[in-house]
Amino acid sequence: MDHKVIVAISQLKGEKAVLATIVSTKGSTPRKAGAQVLFFQDGRTIGTIGGGCGEAEARGHALNALQRKEPLLIQVDLTHEIAEQEGMVCGGKMDIFLEPLIGS
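Position one of the sequence shown corresponds to residue 1 (full-length UniProt numbering), numbered consecutively onward.
It is worth saying that the hints were derived from the structure and are not from the lab.
Among these hints, one or two may not hold up.
Claimed, not checked - Mimicking SDA-like on lysine to any residue, the simulated pairs with C-alpha atoms at most 20 angstroms apart in a straight line are:
| no. | residue 1 | residue 2 |
| --- | --- | --- |
| 1 | 4 | 40 |
| 2 | 93 | 33 |
| 3 | 13 | 103 |
| 4 | 32 | 52 |
| 5 | 16 | 102 |
| 6 | 13 | 102 |
| 7 | 32 | 77 |
| 8 | 26 | 95 |
| 9 | 4 | 101 |
| 10 | 93 | 57 |
| 11 | 93 | 73 |
| 12 | 32 | 95 |
| 13 | 32 | 69 |
| 14 | 4 | 51 |
| 15 | 93 | 27 |
| 16 | 4 | 48 |
| 17 | 13 | 63 |
| 18 | 16 | 45 |
| 19 | 16 | 40 |
| 20 | 69 | 9 |
| 21 | 16 | 41 |
| 22 | 26 | 93 |
| 23 | 32 | 5 |
| 24 | 13 | 42 |
| 25 | 26 | 74 |
What the hints assert, rightly or not - For each label pair, taking beta carbons as the anchor points, the in silico distance ranges come out as:
| no. | residue 1 | residue 2 | range |
| --- | --- | --- | --- |
| 26 | 12 | 70 | 16 to 22 angstroms |
| 27 | 77 | 15 | 29 to 35 angstroms |
| 28 | 69 | 27 | 31 to 37 angstroms |
| 29 | 23 | 60 | 14 to 20 angstroms |
| 30 | 48 | 91 | 15 to 21 angstroms |
| 31 | 33 | 56 | 16 to 22 angstroms |
| 32 | 2 | 71 | 18 to 24 angstroms |
| 33 | 79 | 7 | 30 to 36 angstroms |
| 34 | 70 | 10 | 28 to 34 angstroms |
| 35 | 77 | 7 | 28 to 34 angstroms |
Where a beta carbon is used, it is the ideal one built from N, C-alpha and C, also for glycine.
Could you build the full structure based on these sequences and the hints that come with them?
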């Protein structure tokens, strides 16, 4: 776990955020299992799961999980033609666990 992510979680103080953790990968991906990013409701992030369109897709699902107050397991597919058109060269898949957090 990224030290910056741990510190940010401990300092949430009433803020809402979602912890996204890569739990498994297949093929070539920008980050591997264990990589994490903390998505804040206001658009800030701490950490990364690879950046680019894949991270943006995860952010969209994360905000949905936060609104529903339910964890979610998603798969980001970096193999599609759209990924290729967006300049994503990895060509793998990442399973990402999204855990809504509300600081106390």
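Outcome of the hint check:
1. 4 - 40: holds, 14 angstroms
2. 93 - 33: Holds - the C-alpha atoms of residue 33 and residue 93 are around 11 angstroms apart, at most 20 angstroms.
3. 13 - 103: Holds, at about 5 angstroms.
4. 32 - 52: With Cα atoms ~15 angstroms apart, residue 32 and residue 52 stay inside 20 angstroms; holds.
5. 16 - 102: holds, 5 angstroms
6. 13 - 102: holds, 8 angstroms
7. 32 - 77: At roughly 14 angstroms apart (the allowed maximum being 20 angstroms), residue 77 and residue 32 satisfy the hint.
8. 26 - 95: Roughly 9 angstroms between the alpha carbons, so the hint for residue 26 and residue 95 holds.
9. 4 - 101: holds, 16 angstroms
10. 93 - 57: holds, 13 angstroms
11. 93 - 73: Roughly 13 angstroms between the alpha carbons, so the hint for residue 93 and residue 73 holds.
12. 32 - 95: Answer holds: residue 32 to residue 95 is near 10 angstroms, not above 20 angstroms.
13. 32 - 69: violated, 26 angstroms
14. 4 - 51: Holds. Residue 4 to residue 51 sits at ~17 angstroms (cutoff 20 angstroms).
15. 93 - 27: Holds, at about 6 angstroms.
16. 4 - 48: Answer holds: residue 4 to residue 48 is near 11 angstroms, not above 20 angstroms.
17. 13 - 63: holds, 19 angstroms
18. 16 - 45: At roughly 12 angstroms apart (the allowed maximum being 20 angstroms), residue 45 and residue 16 satisfy the hint.
19. 16 - 40: holds, 6 angstroms
20. 69 - 9: Within the cut-off at roughly 17 angstroms; holds.
21. 16 - 41: holds, 6 angstroms
22. 26 - 93: holds, 5 angstroms
23. 32 - 5: Judged against 20 angstroms, a Cα distance of about 16 angstroms means the pair holds.
24. 13 - 42: Within the cut-off at roughly 15 angstroms; holds.
25. 26 - 74: Holds - the C-alpha atoms of residue 74 and residue 26 are around 14 angstroms apart, at most 20 angstroms.
26. 12 - 70: 16 to 22 angstroms: Holds: the Cβ-Cβ distance is about 18 angstroms, inside 16 to 22 angstroms.
27. 77 - 15: 29 to 35 angstroms: This hint holds: roughly 30 angstroms between Cβ atoms.
28. 69 - 27: 31 to 37 angstroms: Holds - the Cβ-Cβ distance for residue 69 and residue 27, about 32 angstroms, lies within 31 to 37 angstroms.
29. 23 - 60: 14 to 20 angstroms: holds, 18 angstroms
30. 48 - 91: 15 to 21 angstroms: The hinted range 15 to 21 angstroms holds for residue 48 and residue 91, with Cβ atoms some 19 angstroms apart.
31. 33 - 56: 16 to 22 angstroms: holds, 20 angstroms
32. 2 - 71: 18 to 24 angstroms: holds, 19 angstroms
33. 79 - 7: 30 to 36 angstroms: holds, 34 angstroms
34. 70 - 10: 28 to 34 angstroms: Violated: the Cβ-Cβ distance is about 23 angstroms, outside 28 to 34 angstroms.
35. 77 - 7: 28 to 34 angstroms: Holds - the Cβ-Cβ distance for residue 77 and residue 7, about 32 angstroms, lies within 28 to 34 angstroms.
Checked against the numbered hints listed earlier, the structure breaks hints 13, 34; every other hint is satisfied.
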